[in-house]
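These protein sequence lines map, in sequence, to chains A and B.
Terminal number for the first sequence in this note's numbering: 470, no gaps in between.
Terminal number for the second sequence in this note's numbering: 404, no gaps in between.
Calculated directly from the structure, the hints in this document are not laboratory data.
These numbers come from a predicted model, not from an experiment.
Take these hints with a grain of salt, some might be off.
Stated by the list, open to error - Here are the computed lysine to aspartate or glutamate pairs in the EDC-like style, where the Cα-Cα straight-line distance is at most 16 Å:
(1) A:Lys50 with B:Glu92
(2) A:Lys412 with A:Asp293
(3) B:Lys385 with B:Asp339
(4) B:Lys43 with A:Asp416
(5) A:Lys190 with B:Glu221
(6) A:Lys50 with A:Asp176
(7) A:Lys190 with A:Asp293
Said to hold, decoys possible - Now the stretches of chain A that chain B is said to cover, found in silico as 3 or more residues with beta-carbon under 8 Å:
(8) 35-41
(9) 52-61
(10) 183-189
(11) 381-392
(12) 402-415
To be verified - From the structure, some residues in chain A lie toward chain B, with a derived Cβ separation under 10 Å:
(13) His47
(14) Leu111
(15) Thr160
We put the beta carbon where it would ideally sit given N, CA and C, even for glycine.
Listed below are the residues making up each chain.
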Amino acid sequence: MIHFLEVSNQVLFFYYLLSNLAYLMMLIIALKTSAAHLRHLESIPLHWIKGSPLAPPITVLVPARNEEKSITTAVRNVLDLDYPQLEVIVINDGSSDGTLQVMQQEFRLRLVRAVYVQQVTSAPVRGLYRSDVDARLLVVDKEPAGSKADAVNAGLNAATSPYVCIVDADSVLERDALLRIMVPVLADPKRVVSVGGIVRVLNGSEIEGGRMRRVRLPRKSIEVIQVVEYLRAFLIGREAWARGNMLTIISGAFGVFRTDLVLAVGGYRSRAIGEDFDLVTRLHRYLLDRGADYCIEFVPDPVCWTEVPSDLRSLGRQRARWQKGLLDVLWPNKDMLFRPRYGRIGCLALPYLWLFELLAPVIELGGVATIILAACFGILSGAFCLQFLLFGYAFATVISIGSVLQEELTYKRYNDWQDVARLLSYCFLEHFPYRQLHMIWRLQGVWQYLRGDLVWRPMKRQGLQSAGTD
Amino acid sequence: MASAFETFRRLGPAAFVVKAIISVIVADVLLLGFIMLRRTYRKRYFAKRDARLFEIRERWDALVSGEIPYATWRAKPSDRQLVETMVLDAFEVAGPEESARLLKFMRASGLVEKCISDARNHQGWRRHRALVALGRTRAPEGIPALAEGLRDRNPETRLAALRGLGQMACPEAAVEILNWIGEAGLVVPALPLQSALIQTCAERPQVLLPYLQHAGVSVREVLGRVLGEVATPSLGTEVLQFAEDSLPELRAAAARALSYVEPGLAVNVLSALARDPVWFVRLRAIVSLGKLGDRATIPFLLNGLTDSNRLVRLRAGEALADLRIEMVSIFEEVVAMRDRYGLHAYLTAVENAGLQAKLEAEIKAIGRASNQVKEILLEVLRTGKAPLDQPRPEEKVSTAAASR
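Please model the entire structure based on the sequences and the hints provided.
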C-alpha cells in the first residue's frame, strides 16, 4: 500500500509537471504565432478580399432547434456579414417552439422547390423556404433527429458553395469574421481544407441588431471563469496545435470547411456526441489515408461570440457532454495512435488528448486522493504535500495569466480596466476550486458514457436578446 | 536561531519545490505588472498619437500641396509614419485626379523613395509590409523593387511582392509577374497569383495572350482563369482560338470571355462548349449563353436543363428565367422534356426570381392552347411534378420554337 502511494505520488507529480510544461510551451508558441499572424495581416487589408472576384462562395449553415428567442438576431447577424458571395441556410431541426414561425414572419419565407439531393444522411426534410426579404436566405425545415449533426447534414445537402461555415444559432459573428477566417484559404486554397475561428464568451456584452455593441465581462463568477478558460483554450491551445498542423478540433460554433471534403467523409456523424471534434478527426484520417498534403488552420481574430452556461448545473451538463464527446471520438479512433501513417496526429495530438484530456479527471482526482492518503499515513510530510499543491496551483495560474497576457498583447477585446482586473483575479480561482469541480463533471461524463447514458440534457439559456440591449 | 537561508538549505529535496513555488509566484507578479504597465503606456501613447493625427488631418490639404515644408514632419519618425499611413489610406478611395495629386506629394516629399528603399533593404515582416505599401502607392518606379521581391527566396516575401504588384494595377506590373512565372514557374499558390494578375491585366487583357501560348500546363491553367475574369469586348475574337484548346481551364476561360462577344458569333461556339465533356466548361458556357440574353440561346439553355451536373442545370434554369420572354413556351418545352431534374431546376429559378405568379397568369392567358393543356401546365407549376402518367401536351403551340 505504502509503495503504491509512493509510486502514485511520483506519477502524479510528473503528470502535473508535464501537463503544465506542455501548456507553457504552447503559450510560448502561441505568443510567437499570434505576433506573426498580426504582422501578416498588415499586408492583407481585408477590403481586398471583400472586393475580390476570387473569394470563393460560402454557405453559412445555422442549425436551430427551439431557438425562437435568438433566431431572428442570429440570422440577421449572419446576413449582415461582410463577404462577397454568401448563402445562408438555417436548418430548423423540428423545433417544437415557434422558431420557424418567427422566421416566417421576420423574413417573409415562402415554400420553394429548391434542389435538395440527399448526399449525406439526415432526417426527412419537410420543406424548403426562401426569404422574400433576402434571397440569400434558405430555410430547411426538417424532422427532428435529436442531434445537431443531423441538422448540419441536411444543410450540407442543400448547400451550393465550395465552402461551408457552420455557426451556432445562439452565436454572434463579428461583421468581418468571414473575411478574416478566409485569409488562410485564399492564401493557399489547395492545402487549407478547413479553418477554425475563435469563440468568445458573449454573456455580459451588449448586442444591438445582431451586432456586438460593447464587449464587457459577465457579472457572474461562473461565467467569468469560462472567459479565462476560453482564452486559454483558443488563444493558447488551438493556436499552438494549429501551428504544428495538429488541430483536432474546430469549434462547432464557428468553422469553415471545404464542402467536397465534408461530403466525402459522409458529413457529420449523426450519432456523434462531440460532432465537431469527430468531423475534424475523420477529416484528418481521410486525408492522411490518402497521403494528402493538407493543412487545418486556426485563425485567432475572426470572432464568434457565444452564450455560455450561467449556472453550475448547466455548466456541469455541458462539460460532462464534452467529455463524453471526447471519449466517443478517441475510442473509435484508437487505431490511429502511434501509427506512422497518421504522422503527428497519431503520434502527438491524439496521445496528448488521451493522456491530458480524457484521463485527466481520473488521474488528477485519483492523485489528489492518494496524496491525502499518503499524508495521512505519514509517507508524505504535510508541508511537502502543501508545497506540491501550491506549486501546481501557482504554475497553472501562470498559464492562465499568460492567456490574458496573450489577449492583451494581441486582440485586446476587453478595454475596460475593471474587466481586465477582474479577469486577472479570476485566473487565481480557475485552478482552485473551479478545476476540481470541472474534473468531477468530466468524471461524470466518462461514467455516463461507460453506462451508455448518451441522452442530451438541455441547458438553461437566456437567448441573444437578453445578452444586451437589443 | 537559524537564518531563513539555513532553514531553506535544510529542507533538502523540498527546497526544489519551494524554489519552484517562488519562481512561479514571481512569474505571476511579473506578468500582472507587465499587463498593468503596458495598459498605462498604451493609453498614453494612443492619446498622444490621436491628438497628433487630428492636428495633421486639420492641415491635410496644406500638407499635401506642399505649403507646409516637408522637413517639418519628415524628420520625426512618428509623424512620418502617420503621414505615410494617411496617404496610403487616401489612395484606396481616391479618384484619378486625387491619386495623381497624392502621388506627386509622395514623390516630392521623398516618401516613394523611402518605400522603395524599405522594400529593398528591410527584412522579414518589415519588408513584407513595405512591399505592399509600395504597391499601394501605384508609383511605376516601384515596379523594379517589387520585381526583386518576387525573386526572393522567402515565399512570404514573394507573396507580399505579388500583392504589391497587384495593387499597382497596371500592365507593366502584369508583364513583370508574367516574366517571373515564365522563369520560375508556379512557385506561389495559384489564388494570390490569379488575384494579382486580374488586377494588373484588367486594363489591357491582351498582355496575357502571348504568355498563354507558350507557358507550361500549370501556369496556363492559372492564366486561363485570369483571362476568363478579365476578358472584355476589346479582346474580340482573339479568345476564339482557345475554345478548342486541350486544357479545360482555357476552354472555360474562352466560354466566359465569349459572353462579351457579339451574340451572332458567340452562340455557335458557346453551344459547342455547352456540350463539352468537362462540367465546368459547360457551366461557363451556359452562364455565358445566359448573359448574352439572346432568343437564339433558348434551345441550348433547354439542353442545359438536362445536364448531368446539378450546377449546370441550375444555371441553365436561372438563365432561362432571367430571359423573361416566351415564358410559357419555355415552360411548355421544359414540361415536354419530361426531365424531373430539369423541371425542378427551372421551377426553382422561376420561384427564386419571383416569377411564379407572372408565369401562372401568362399560362391562364394563352389563347392558343386547350384548357386541358393549361390545366396540365398549371398543375405542374403548382406541384412541381412532371406529368409522367398524363398525356404529353401535344397541342403545344411551337410557333416560338419555329421562329427560332
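Right, here's what the structure says about each hint:
1. A:Lys50 with B:Glu92: At roughly 13 Å apart (the allowed maximum being 16 Å), Glu92 of chain B and Lys50 of chain A satisfy the hint.
2. A:Lys412 with A:Asp293: violated, 34 Å
3. B:Lys385 with B:Asp339: holds, 10 Å
4. B:Lys43 with A:Asp416: Distance of about 11 Å is within 16 Å: holds.
5. A:Lys190 with B:Glu221: Satisfied, since the Cα-Cα distance of roughly 14 Å is no more than 16 Å.
6. A:Lys50 with A:Asp176: holds, 9 Å
7. A:Lys190 with A:Asp293: With Cα atoms ~9 Å apart, Lys190 of chain A and Asp293 of chain A stay inside 16 Å; holds.
8. 35-41: Held - the segment 35-41 of chain A has 3 residues with a Cβ nearer than 8 Å to chain B, which meets the minimum of three.
9. 52-61: Since three or more residues must qualify, the claim that chain B covers the segment 52-61 of chain A holds, with 3 doing so at under 8 Å.
10. 183-189: holds (count 4)
11. 381-392: Result for this restraint: holds, n = 7.
12. 402-415: holds (count 5)
13. His47: holds, 7 Å
14. Leu111: With Cβ-Cβ at 9 Å, under 10 Å, it holds.
15. Thr160: holds, 7 Å
The structure shown violates just one earlier hint, number 2.
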